[in-house]
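Put chain B on the given structure of chain A with help from the hints.
Residue numbers (our numbering), protein chains in the order written: chain A, 1 to 112; chain B, 1 to 111.
Because the hints were derived from the structure by calculation, they are not lab data.
There's no promise every hint is true.
Here are the computed distance ranges between Cβ atoms for each label pair [to be verified]:
(1) Ser98/A / Ser18/B: 25 to 35 angstroms
(2) Thr106/B / Ser98/A: 27 to 37 angstroms
(3) Ser9/B / Glu58/A: 16 to 26 angstroms
(4) Val20/B / Glu53/A: 37 to 47 angstroms
(5) Phe42/A / Ala70/B: 17 to 27 angstroms
Backbone N, C-alpha and C define an ideal beta-carbon position, used for all residues, glycine too.
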Amino acid sequence: DTAVSQTPKYLVTQMGNDKSIKCEQNLGHDTMYWYKQDSKKFLKIMFSYNNKELIINETVPNRFSPKSPDKAHLNLHINSLELGDSAVYFCASSQGLSGTQYFGPGTRLLVL
Amino acid sequence: GENVEQHPSTLSVQEGDSAVIKCTYSDSASNYFPWYKQELGKRPQLIIDIRSNVGEKKDQRIAVSLNKTAKHFSLHITETQPEDSAVYFCAAHKGDYKLSFGAGTTVTVRA
Numbered sequence: 001d002t003a004v005s006q007t008p009k010y011l012v013t014q015m016g017n018d019k020s021i022k023c024e025q026n027l028g029h030d031t032m033y034w035y036k037q038d039s040k041k042f043l044k045i046m047f048s049y050n051n052k053e054l055i056i057n058e059t060v061p062n063r064f065s066p067k068s069p070d071k072a073h074l075n076l077h078i079n080s081l082e083l084g085d086s087a088v089y090f091c092a093s094s095q096g097l098s099g100t101q102y103f104g105p106g107t108r109l110l111v112l
Numbered sequence: 001g002e003n004v005e006q007h008p009s010t011l012s013v014q015e016g017d018s019a020v021i022k023c024t025y026s027d028s029a030s031n032y033f034p035w036y037k038q039e040l041g042k043r044p045q046l047i048i049d050i051r052s053n054v055g056e057k058k059d060q061r062i063a064v065s066l067n068k069t070a071k072h073f074s075l076h077i078t079e080t081q082p083e084d085s086a087v088y089f090c091a092a093h094k095g096d097y098k099l100s101f102g103a104g105t106t107v108t109v110r111a
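Next comes chain A alone, as it looks inside the complex (with noise of 0.2 angstroms):
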């Protein structure tokens, strides 16, 4: 029974395409993130949503925008997609400002 899902797992687009990933988490947690992992691994924080509403934008460009309907989903829909934009995708959730965070399965997205 998955606590943090991710759809779609793997996402092979074009260029210059649009495309979303959707995720949802079953925990009951009230803040969801969005993280990005790069070829280097190296994590990086995008987006934080707490109580749908958004309270972290890491200068991330306009072209990523996350949308969140309810407590449970936090969706990412990508405009334009750049070669750039190839890596892991990872949705995370938590309760509250300093709960443990959990990671979903990842969406691994390559831009041809």
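Just chain B, lined up with the frame of chain A:
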């Protein structure tokens, strides 16, 4: 913002030996320090964490220590086993929703 540095970037140990990974942080307001293990192709998973009111914490073969004055913390894995091979990340958090990660340490346990 918070800056977390992690060393070494790679670590190769003989099975049964110990592995030590060290991290430093810049913001004295940071008060929560988790460690994540990421196996190849998998998600990061929390293995142990420590809060600023504690100096050391141990869970079986894994221990973490924190020196608030020096702003550094470290992970110790004793009696390493092949399944300990993974990338390990330290992180620092100051209660503002933002977890700052180190660059990761690739640990290889040689049989």
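The hints, checked one at a time:
1. Ser98/A / Ser18/B: 25 to 35 angstroms: Check passed, 30 angstroms falls within 25 to 35 angstroms.
2. Thr106/B / Ser98/A: 27 to 37 angstroms: Holds, since Thr106/B and Ser98/A (Cβ atoms, about 28 angstroms apart) stay within the stated range.
3. Ser9/B / Glu58/A: 16 to 26 angstroms: holds, 23 angstroms
4. Val20/B / Glu53/A: 37 to 47 angstroms: holds, 40 angstroms
5. Phe42/A / Ala70/B: 17 to 27 angstroms: holds, 24 angstroms
Of the numbered hints stated above, none is contradicted by the structure.
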